[in-house]
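Novice: Once you have looked at the hints, place chain B on chain A.
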Amino acid sequence: MSALVSFPAKVSRTVFGAAIGATLLTAACATRPTDPAEAEAYDEANDPLEPMNRGILEFNLFLDRIFLKPVAYVYKETLPTEAQNSVTHFLDNMHAPVTVANDLLQGEASRAGTIVARFAINTLIGFGGLFDVAQELGLEDHDEDFGQTLAVWGAEEGPYLMLPLFGPSNPRDGIGMAVDIFLDPFTYIFKYEHIQWAGYARLGLRAVDARARHYDEFNELQRSSLDFYATLRSLYRQRRIDEINNGKPTGIEPAPYLSQPAVEPKTASVPSTH
Amino acid sequence: MYGRRGFLAICVIIAAVGLFAGRPAVAAGPDEFIRGIGTTAMNSLTEKGISDGERQRRFRDIFNKNFDVPGIARFTLGVYWRSATEQQRAEFLKLFEDFVVKSYAYRFKDYDGEQFRVTQVIDVSATDKIVQSEIARPSAPPIRMNWRVRSNDPYKIVDVVLEGVSMLTTQRDEFTAVIRNNGGKVEGLLSALRDRIGQESQAQHQ
Chain A
70 MSALVSFPAK
80 VSRTVFGAAI
90 GATLLTAACA
100 TRPTDPAEAE
110 AYDEANDPLE
120 PMNRGILEFN
130 LFLDRIFLKP
140 VAYVYKETLP
150 TEAQNSVTHF
160 LDNMHAPVTV
170 ANDLLQGEAS
180 RAGTIVARFA
190 INTLIGFGGL
200 FDVAQELGLE
210 DHDEDFGQTL
220 AVWGAEEGPY
230 LMLPLFGPSN
240 PRDGIGMAVD
250 IFLDPFTYIF
260 KYEHIQWAGY
270 ARLGLRAVDA
280 RARHYDEFNE
290 LQRSSLDFYA
300 TLRSLYRQRR
310 IDEINNGKPT
320 GIEPAPYLSQ
330 PAVEPKTASV
340 PSTH
Chain B
42 MYGRRGFLAI
52 CVIIAAVGLF
62 AGRPAVAAGP
72 DEFIRGIGTT
82 AMNSLTEKGI
92 SDGERQRRFR
102 DIFNKNFDVP
112 GIARFTLGVY
122 WRSATEQQRA
132 EFLKLFEDFV
142 VKSYAYRFKD
152 YDGEQFRVTQ
162 VIDVSATDKI
172 VQSEIARPSA
182 PPIRMNWRVR
192 SNDPYKIVDV
202 VLEGVSMLTT
212 QRDEFTAVIR
222 NNGGKVEGLL
232 SALRDRIGQE
242 SQAQHQ
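Chains as they are written, first to last, in the working numbering: chain A, 70 to 343; chain B, 42 to 247.
Looking at chain A on its own, in the form it has when it is part of the complex:
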């Protein structure tokens, strides 16, 4: 089939595709409001593609409802807890090389060392990572990815993006996700062993594992949110900041609400209008 596609046809198809993409983007773009308060809220949301993103979330939630959620339910109800924990440990252990690479890129040698030790111990003594023996020895796990590395290097996150299948993201973390595939030795191992299916299986297992672990929380969040889309966006950004800072509290520098009259002592009068 690909042999039939001549070069110009390929180009015109790409141009055509780009044109459609651009039209869709423009149509999906929300326009910045003129009212000052509205404009401030709009900027704060940093989500110019909100209409499109909301559509993609609907799509993702549809897939969740018909596929991921039922699978995760059966998985968590039938598999013994120990087995589920082993799956989580196994997947975490496989992520270790990517974490080490990113720790080093961030100049965090000692954190990288912890993960190297964890990987060695859990792979050798923990039956290929099925058991987190290192945790018992006091070696705590952590996650790094190239999106975090870019942030440490000073890259801005850019506007919010909801990716089909992958969920909340932004240009920085999207690029990070792609780079991590190249940083991951398992990408090459699967390729040269001709077992690419293992890569997809791993991806699918990660989705089921994560959904099963947060089964109730996720459902509850969906139920109790006034605006689930906005809540998810807020949670994603806050969690990413926390991960980038390796869990150190960020309130040390003046938090936004310190300077705002909102939480000033009650003696303060009603906030003045600008």
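It should be emphasised that the hints constitute simulated quantities derived from the structure, not laboratory data.
The structure presented is a predicted model; accordingly, all values stated were derived computationally and were not measured.
No residue lacks a Cβ here, since even glycine has one placed at the ideal position from N, Cα and C.
Misleading hints may appear alongside valid ones.
Claimed, not checked - Listed next, the stretches of chain B that the computed footprint assigns to chain A, with coverage defined by at least 3 CB atoms under 8 angstroms from CB atoms of chain A: (1) 121-130; (2) 182-188; (3) 197-205; (4) 208-215; (5) 220-226; (6) 232-238.
What the hints assert, rightly or not - Non-contacting residues of chain B with respect to chain A, defined by C-beta distances greater than 10 angstroms in every case (computed): (7) 70; (8) 85; (9) 90; (10) 95; (11) 135; (12) 155; (13) 163; (14) 171.
Specialist: Relative to chain A, chain B alone:
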């Protein structure tokens, strides 16, 4: 040399030390404050066999007594606090309290045996401190929970941050999104809150 006078001096010192050590918790630090709330919450909110209404009443008590509720509510309205009318602000304050009570109180229901521990206190500003705490879990790393405490007299909690997720920020982001999607009208949020509180009350009576 160390005659009667020396003996007296030692007595005074001992008495003074005793006095300070025996002082009641008036001068307790923010860590003591949070530890106290943690213990109270664990004891009274996780009690099995009490009705949902009773759990909510207890939660509301703790919330109003220890949190800067009006300040938090105002913050969560974000830029729209300015455009809200006096009447809307007043109604929002009331709805916000109900909303928090209804959406958070039940979370303590299935809570048991988790250990709550204050780890350290960080100075943020002249008035604010962050009290860091952990909730231990069996066979998983502990949950990090930070409390932002304002040292007014008495102490008031202005924010709770769980694994980097601030209650204040999350609520503000959600509330302002609801208003924005209602054409910037605060009334849109108020009616959404009224609906939600109504639904929760109905669900609890069933």
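Novice: For every hint, state whether the structure bears it out.
Specialist: Hint check results:
Closer than 8 angstroms: that is the beta-carbon criterion, and the region 121-130 of chain B has 4 residues meeting it against chain A, so the requirement of 3 holds. Counting residues of the region 182-188 of chain B whose beta-carbon sits less than 8 angstroms from any beta-carbon of chain A gives 3, enough to reach three: the coverage restraint holds. Remark: the region 197-205 of chain B is confirmed as covered by chain A, as 5 of its residues place a Cβ nearer than 8 angstroms to a Cβ of that chain, reaching the required three. Chain A is given as covering the region 208-215 of chain B, and this holds because 5 residues of the stretch bring a CB closer than 8 angstroms to a CB of that chain, at least three being needed.
Counting residues of the region 220-226 of chain B whose C-beta sits closer than 8 angstroms to any C-beta of chain A gives 4, which meets the bar of three, so the coverage hint holds. For a cut-off of 8 angstroms, the count of residues in the region 232-238 of chain B with a CB near a CB of chain A stands at 3, and the three-residue condition holds. Even its closest Cβ contact with chain A, about 18 angstroms, leaves residue 70/B beyond 10 angstroms, as expected for a residue assigned away from the interface. With a cut of 10 angstroms on Cβ distances, residue 85/B stays outside the contact zone with chain A, its closest approach being about 23 angstroms.
No Cβ of chain A approaches the Cβ of residue 90/B within 10 angstroms, the least distance being about 22 angstroms, so the stated non-interface status holds. Distance check for residue 95/B against chain A: the nearest CB is about 21 angstroms away, which clears 10 angstroms, and the non-interface claim stands. Remark: the non-interface label on residue 135/B is consistent with the geometry, its nearest Cβ contact in chain A lying 16 angstroms away (cut-off 10 angstroms). With a closest Cβ-Cβ approach of about 15 angstroms to chain A, residue 155/B is found to remain outside the 10 angstroms limit, as its non-interface label requires.
Distance check on residue 163/B: its Cβ comes as close as 7 angstroms (rounded) to a Cβ of chain A, failing to clear the 10 angstroms threshold; non-interface status is violated. Its closest Cβ contact with chain A, about 5 angstroms, brings residue 171/B to no more than 10 angstroms, contrary to its assignment away from the interface.
Going down the numbered hints, you'll see the structure goes against 13, 14, while the others check out.
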